[in-house]
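Using the hints provided, position chain L relative to the given structure of chain C.
Read off the chains here:
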Amino acid sequence: MMRVFFPDYAVSAKSGLCIGWVDHQTHTICVLAVVHLPVDPFEIRRQLKFIAAFCPLYLQMMTSIRHQPLTILGPLTYLRDPDRIKIQQLCQQVSQDLCLELTRPDLYSLPTCTLYKDGQALMQDHHFILYNQRKIYACCLPGRNDATDTPSNSETTTDQYSPTACGDSGCGTDQYGRTVLKIETVLSIIQGGVRQLWTLTDWDISSDVKRKSNKSSVIHWIVSFFVSVLVSMATVSLLPFRSDFCCRLSRSSVFQRVLRFTQTGCQIQAKYNHLQELLDAHSADGSDIHRVRRQGAEQTESQTRCEYLRTRNLWTYLLIDMLVGVLLMWWIQRNNWPDAWAEWIISSATTTAGSLQTLLQWLMGAPAGLKLNSALAHFLGQFFLYHVYLWIGYLSIIQPVLGWAIWCMSLTGCLGVSVILAVASDTVSMLTFHVYCFYVYAARIYRLQLTGLLALWRLFRGKKWNVLRKRIDTCNYDVDQLFIGTLLFTVLLFLLPTTMLFYAVFTMHRLAVIFLEGVLTKTIDLLKWLPVYSILLWLTGSDVLMSGVYFDLLQQPGEGCPRALVMQVQHMSLYDVLLLSYNSSKKSSTQPELSASRNPVISLALDLLTGCLIYPWSLAQNKT
Amino acid sequence: MPRHKWQKVLYKDQGVPDNYVDETFLGELKNKVTTYKLPYVILESGVVTQQISSICLFVVLFIYMEQDLLSPESLLYMNAALSLLGYVAYDSIDRGQDRKESGRSRWDDVKSTAIFVAFSYGLSPILKTLTDTISTDTIYAMTVFMLLGNLLFHDYVTTETRARRPVSLNASIFASVCLASRLPSTLHAFATVTVAMQLFALWPELRRKLKVHFPGTQIPLTVSSALAALCALISVSHVGAIIFILIHLAITFLVPVCLIRLQLFKNNIHGPWDEAVIQH
Chain C
1 MMRVFFPDYA VSAKSGLCIG WVDHQTHTIC VLAVVHLPVD PFEIRRQLKF IAAFCPLYLQ
61 MMTSIRHQPL TILGPLTYLR DPDRIKIQQL CQQVSQDLCL ELTRPDLYSL PTCTLYKDGQ
121 ALMQDHHFIL YNQRKIYACC LPGRNDATDT PSNSETTTDQ YSPTACGDSG CGTDQYGRTV
181 LKIETVLSII QGGVRQLWTL TDWDISSDVK RKSNKSSVIH WIVSFFVSVL VSMATVSLLP
241 FRSDFCCRLS RSSVFQRVLR FTQTGCQIQA KYNHLQELLD AHSADGSDIH RVRRQGAEQT
301 ESQTRCEYLR TRNLWTYLLI DMLVGVLLMW WIQRNNWPDA WAEWIISSAT TTAGSLQTLL
361 QWLMGAPAGL KLNSALAHFL GQFFLYHVYL WIGYLSIIQP VLGWAIWCMS LTGCLGVSVI
421 LAVASDTVSM LTFHVYCFYV YAARIYRLQL TGLLALWRLF RGKKWNVLRK RIDTCNYDVD
481 QLFIGTLLFT VLLFLLPTTM LFYAVFTMHR LAVIFLEGVL TKTIDLLKWL PVYSILLWLT
541 GSDVLMSGVY FDLLQQPGEG CPRALVMQVQ HMSLYDVLLL SYNSSKKSST QPELSASRNP
601 VISLALDLLT GCLIYPWSLA QNKT
Chain L
1 MPRHKWQKVL YKDQGVPDNY VDETFLGELK NKVTTYKLPY VILESGVVTQ QISSICLFVV
61 LFIYMEQDLL SPESLLYMNA ALSLLGYVAY DSIDRGQDRK ESGRSRWDDV KSTAIFVAFS
121 YGLSPILKTL TDTISTDTIY AMTVFMLLGN LLFHDYVTTE TRARRPVSLN ASIFASVCLA
181 SRLPSTLHAF ATVTVAMQLF ALWPELRRKL KVHFPGTQIP LTVSSALAAL CALISVSHVG
241 AIIFILIHLA ITFLVPVCLI RLQLFKNNIH GPWDEAVIQH
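Protein chains in written order, with my numbering: chain C, 1 to 624; chain L, 1 to 280.
Quick caveat, the hints were computed from the structure, so don't treat them as lab data. Just to be clear, a hint being listed does not mean it is correct.
Stated by the list, open to error - Here are the computed lysine-lysine pairs in the DSS-like style, where the Cα-Cα straight-line distance is at most 27 Å:
(1) K209/L x K463/C
(2) K371/C x K128/L
(3) K32/L x K8/L
As the list claims (entries may be wrong) - Now the in silico label distances, taken between C-beta atoms and shown as ranges:
(4) L454/C x D132/L: 23 to 33 Å
(5) G86/L x L454/C: 50 to 60 Å
(6) T35/L x N476/C: 31 to 41 Å
The structure displayed is predicted, hence computed values, not measured ones. We put the beta carbon where it would ideally sit given N, CA and C, even for glycine.
Same shape as in the complex, but just chain C (with noise of 0.2 Å):
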């Protein structure tokens, strides 16, 4: 069963020669164009073997089954066309080998196909697949290692096609022990031998993918402006950083943790690489830059593409990130805001302190009739009441200047928005500093209870930790040692429920802290991740976004002609976009991969519950 891919347009093109790619271990002749009649074959011949001989390695990784470069196909005619014998005469002239004849019994209609091997008329059957030229070169292929995620895609069919058939002339299948085909290689060939066929200038070819032509739509265009503006810009802006102190500076570990400590830190970090990856794949083109990036690994057609897209989708991260920010730091600095939030902020401190002292009372005395030891309790409560105190004289230093403050930290939205988050979320961690001590001090004091109770409990049963063989073992204690041992599990015990209910409580104010830092940083994520770029495409329907090819039934098998499909390019959901483009930038990016073996909410849970620190960065890698 044979496989003829044609293109759709040249079903109404002038007659002449195809020229395509043919494989008859996979079974598969793929037209690509055609060439019409003031015509050299032997010129046209010498080029394409030149083209092969020049860039033998393009179409062999393209396929990656073997080397098989284009080829002149056979003629496309019509019967009622006058130079119908003298393009049969050309192609005979030029090969001995042609593969298939086309003929049509008008313009505009269906061609038969007649196929040949060794210039002997074959008698097999064939399948005619039309495709859209523009369409399939424009896509942009889920490469193999994307495929993971859409691999079933490519081989949807629609329901009026039977699956035996798909598999014949789709994905390909071995069941009659035939090399397997893959969609993907048919779609890259196509797109490679287009490419390659914009070398041959001199003759009047039929191709519907002209040179340049992908590059016509208006968010392309729109886009690429932009992009120039901003190219000159961040080069400029990044000069300063090029220097040798900053180079020297940014190598020292200590510079590289204070960066990390602090999320605006974190931020202009990493807007600073994403600049400098943007303009190093900018000042070298597109493709080539990847490649030498990736010195010796295979770099497919689709590879390239997403690579394309991810650099589109970063461009217009940074822009939109910087047009909001500016927005709204000209809306602050318009409305006066930061001298309102300065005081709202004082005012909600004070407060907060206030509550902090109610509720330390209260947990001094019996709180919700529970049965504290009163005595730790006071001590505790006195404690915290102290922190408090030290909190609002703090509170009282730092009034005059906050407003001024958050002006300086509102200037910070030139460097785009996702700073200014990143600024905020910086700003709540200083002012609930307090509840941080807090909580630190509760949970080093239930954490070290807990221990010791763990380890008591051991004594109270005669046992102890072995060490050595990491197991719990017999162990004959002296009386005294017991006595002891006992005693103080015994007071550990009944002060337990005190230091736990501080332990809450402190804990509950230090998740919320941690919450609100939380919902920052990932809307800061978010920006990040967001495809905007590949959305536009999506939302203008383009092409590019491709998840797959599904086939149309054209023309049921009859007499003497063949059956005949439409392979129609599969749009890919918003879904599949989104993740495709998080994927691409997930591989790019240069964060190191987190095992996340332990399920993150219950490992969250068992720190709360063994008085583990927790932090927001801890709780951001489990999360991923």
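Same frame as chain C, now just chain L:
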């Protein structure tokens, strides 16, 4: 009829198939390997009686202190005197043989005592306030459970000094700490913990040693400790005393008789096929 007598060995070819079983094989079958005689069981039940008496004594002393019938100072003096007496007796029973074996000097004993006194006296203010807010019923319930645990996990069998099971001692200390907070002063708490230490840590050691070296002392010891506990109980509660008597009678006579009777139904098979058992 084999010419030679069949031997239970694998290294000889005796002309019989692999799964051959000789008639002499079941001759070594034994059931009822260990059977007890009634006097022995009654005598041995004395250790349980002694432990129950100790617990009763502890509870009664606590009740005395709570009702202000007994001042902690006098209890402490009495304790000190009894401890000294017991210490001398402990050493003189086997003429310091055990001490030589364990390599424990008198200085070690002094140190242990100092640690014990320092810790219990130092921690007694904490122990006093530790369970103040917890209701008395809860405390009593916990105490009962802990004392039951003490009775349950007490090591009645072992005659070795070193290998002891600590759970029963720990449970009794826990119980004493629980009770300590019910008493009015820190000295009371200290006295309670000390009494518990004596009754549940030192006294069983002495009893064990007496049992090993002078088995004849067991009957008078049991009877006297039971009588002491009974007297103490009568002074507090008559109902308790009657229950105490009933329990003791049951443990000393009824339960051993039941055990001996039930031995009739005992039918477990022992033979040379058993796993090896390590004899202590």
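Practice prompt. For the pair supplied as a hint, K209/L and K463/C, confirm whether the alpha-carbon distance does not exceed 27 Å.
Written response: Roughly 25 Å between the alpha carbons, so the hint for K209/L and K463/C holds.
Discussion item. Against the range 23 to 33 Å, how does the distance between the Cβ atoms of L454/C and D132/L compare: consistent or not?
Written reply: 26 Å, holds
Discussion item. Given the hinted pair K371/C and K128/L, is their Cα-Cα distance within 27 Å?
Written reply: Given pair K371/C, K128/L holds - Cα atoms ~15 Å apart, limit 27 Å.
Discussion item. Would the hint linking K32/L and K8/L be met if the CA-CA limit is 27 Å?
Written reply: 24 Å, holds
Practice prompt. Return holds or violated for the Cβ distance of T35/L and N476/C against the range 31 to 41 Å.
Written response: Taking Cβ atoms as reference, T35/L and N476/C lie about 34 Å apart, which means the hint holds.
Item to complete: Please test the hint of 50 to 60 Å on the beta carbon pair from G86/L and L454/C.
Response: 35 Å, violated
When held up to the earlier numbered hints, the structure conflicts with hint 5 and nothing else.
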